[in-house]
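Novice: Construct all of the structure, not just a fragment, from the sequences and the given hints.
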Amino acid sequence: MIQPIFTSDNSICDSILTLSKDIFKKVTEIKGDKEVTRETTEVEIAKNTPVSIFAIAKFHGLDKVCIVDSSMTGFWEAYKVSKSLGLQLAFGLKVCVTQDLNKKDEDSLLTDSNVIIFCKNSQAYYDIIKIVSEANVSGFYYRPRIDWTTLNKFWTDNLILCLPFYSSFLSKNLLHFRHSAVPILDKIKEPIFLREEHSLPFDSLLANGLDAYCKANSYEIMDTHTIYYYKDEDAIAYQSLKCIHNRSTLSKPNLGRFGSDKFSFEEYYRKIGKTL
Amino acid sequence: MIGENLLRYNKTQRYLIFDCETCNLNLMDTQNVPWQWSWVDCTIQNVINKGNAFVKWPVINISRKVAQMTGFYQHTIDEEGIPPEEALERLDALIYDPQYRLIVHNGLNFDVFLHNIHRRLVGKPTDYSYLDRLIDTNALARAIKLEAKPQKDEDLLAFQYKFANDRTKGIKSSIESLCKEFDIYYDFEAAHDARWDVETLTKIWQKLVWQIEI
Numbered sequence: 008m009i010q011p012i013f014t015s016d017n018s019i020c021d022s023i024l025t026l027s028k029d030i031f032k033k034v035t036e037i038k039g040d041k042e043v044t045r046e047t048t049e050v051e052i053a054k055n056t057p058v059s060i061f062a063i064a065k066f067h068g069l070d071k072v073c074i075v076d077s078s079m080t081g082f083w084e085a086y087k088v089s090k091s092l093g094l095q096l097a098f099g100l101k102v103c104v105t106q107d108l109n110k111k112d113e114d115s116l117l118t119d120s121n122v123i124i125f126c127k128n129s130q131a132y133y134d135i136i137k138i139v140s141e142a143n144v145s146g147f148y149y150r151p152r153i154d155w156t157t158l159n160k161f162w163t164d165n166l167i168l169c170l171p172f173y174s175s176f177l178s179k180n181l182l183h184f185r186h187s188a189v190p191i192l193d194k195i196k197e198p199i200f201l202r203e204e205h206s207l208p209f210d211s212l213l214a215n216g217l218d219a220y221c222k223a224n225s226y227e228i229m230d231t232h233t234i235y236y237y238k239d240e241d242a243i244a245y246q247s248l249k250c251i252h253n254r255s256t257l258s259k260p261n262l263g264r265f266g267s268d269k270f271s272f273e274e275y276y277r278k279i280g281k282t283l
Numbered sequence: 016m017i018g019e020n021l022l023r024y025n026k027t028q029r030y031l032i033f034d035c036e037t038c039n040l041n042l043m044d045t046q047n048v049p050w051q052w053s054w055v056d057c058t059i060q061n062v063i064n065k066g067n068a069f070v071k072w073p074v075i076n077i078s079r080k081v082a083q084m085t086g087f088y089q090h091t092i093d094e095e096g097i098p099p100e101e102a103l104e105r106l107d108a109l110i111y112d113p114q115y116r117l118i119v120h121n122g123l124n125f126d127v128f129l130h131n132i133h134r135r136l137v138g139k140p141t142d143y144s145y146l147d148r149l150i151d152t153n154a155l156a157r158a159i160k161l162e163a164k165p166q167k168d169e170d171l172l173a174f175q176y177k178f179a180n181d182r183t184k185g186i187k188s189s190i191e192s193l194c195k196e197f198d199i200y201y202d203f204e205a206a207h208d209a210r211w212d213v214e215t216l217t218k219i220w221q222k223l224v225w226q227i228e229i
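Chains as they are written, first to last, in our numbering: chain A, 8 to 283; chain B, 16 to 229.
Source of the hints: derived by calculation from the structure; they are not laboratory data.
It is possible that part of the hints are untrue.
Taking lysine-lysine pairs in the DSBU-like style, the calculated list, with each CA pair at most 30 Å apart, reads [unchecked claim]:
1) K139(B) with K249(A)
2) K259(A) with K80(B)
3) K139(B) with K259(A)
Specialist: Below, the structure written as structure tokens:
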């Protein structure tokens, strides 16, 4: 089973999907000699416009939505909309973990890696907020950062730790020279490592490293599919957004290895044997 | 002899040194078509064969600046170009042939993506299975300058990725810099024509192979 993980536009420039609740649209069609009006979600009629994660979920009959963002700004909206639409919400915060949050220099960046903290229950919100505050107030260096010691200090049983496929300590250490992110998982029980495949040339290299590490340490692996846009063809809109943020152009994007249009819901659907 | 399994001593190892010219630097956009592929089939001592394919895509959107830099002429494509399917067939017959070690400059961050764009445009699936035979001279040159060596049992691809991604200031690893370092003539007029690039890269590889223990 592959778990789809959506990212919303609350993660700045990391997605073109919204958390909008206004997902239902009226469509008028001519059938025979009659005009027929019916209600659908924006997904069906969207053309070169952003769509809501909830529109995708409703249109494709998902009963649960998993959202991972790099800030908590969209949490309340996601909670309210999912509740009003009768969808189960799993919310995760992607946060950078460094070796020492008081160390703010270029060398400290070599110890950075990302984790995803999922809320297990409603109390988790209060626990996660403490981590976010600390990361923003004390650890901020280009972006909010927490360190492993502080993460353990604030850790509770209401939280679940996941390691993202492309930016965990494993992939950072494997693909970057002098990178040395060393996790401390004292209080954090049973982390889950996420494994993905998006037709990138280094996917199998990362997957092999992940499999070997998890086997040696008896850690759980979950197959997931990160989604930043609806269709494959929307990848260019997503890339445009990233270029604007990066002050670059589509002909010279300077976006590292941005070489896949498979971070789409369409690709997830393909993987589970369906077509849009 | 100690180190006899090193590539530098393997006189029969076949190399495919290849390069492409494209419209821009986008790694995903299918409008960024590779319109020229060139390659040299060689051993460490001898060139066995050379190949070149201009690709006749229905539309090639290329700016004047890039056209000038890469020596793009529409009339060359019209006269010498071959269909994309045929060009890919010729190239893939070599790339997926396990006897070759593939040599590319900055290939991990560029050419492999462009090869994938070419494959997708002719309806073939993504297939990076050749990567474990690929040597990126840009990554290796950076590793040498940073005095790094692959650890025992370290995956060569992972080792190369580390340096392909490295942005240490002051490390020069472009073809131009390596030509200067190895006293190889750098022709500013011909540079960025894939045919010239692969011939020059062949000379660079013959020097570089002595500097790193792989």
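Novice: Hints broken by the structure, by number, lowest first?
Specialist: none
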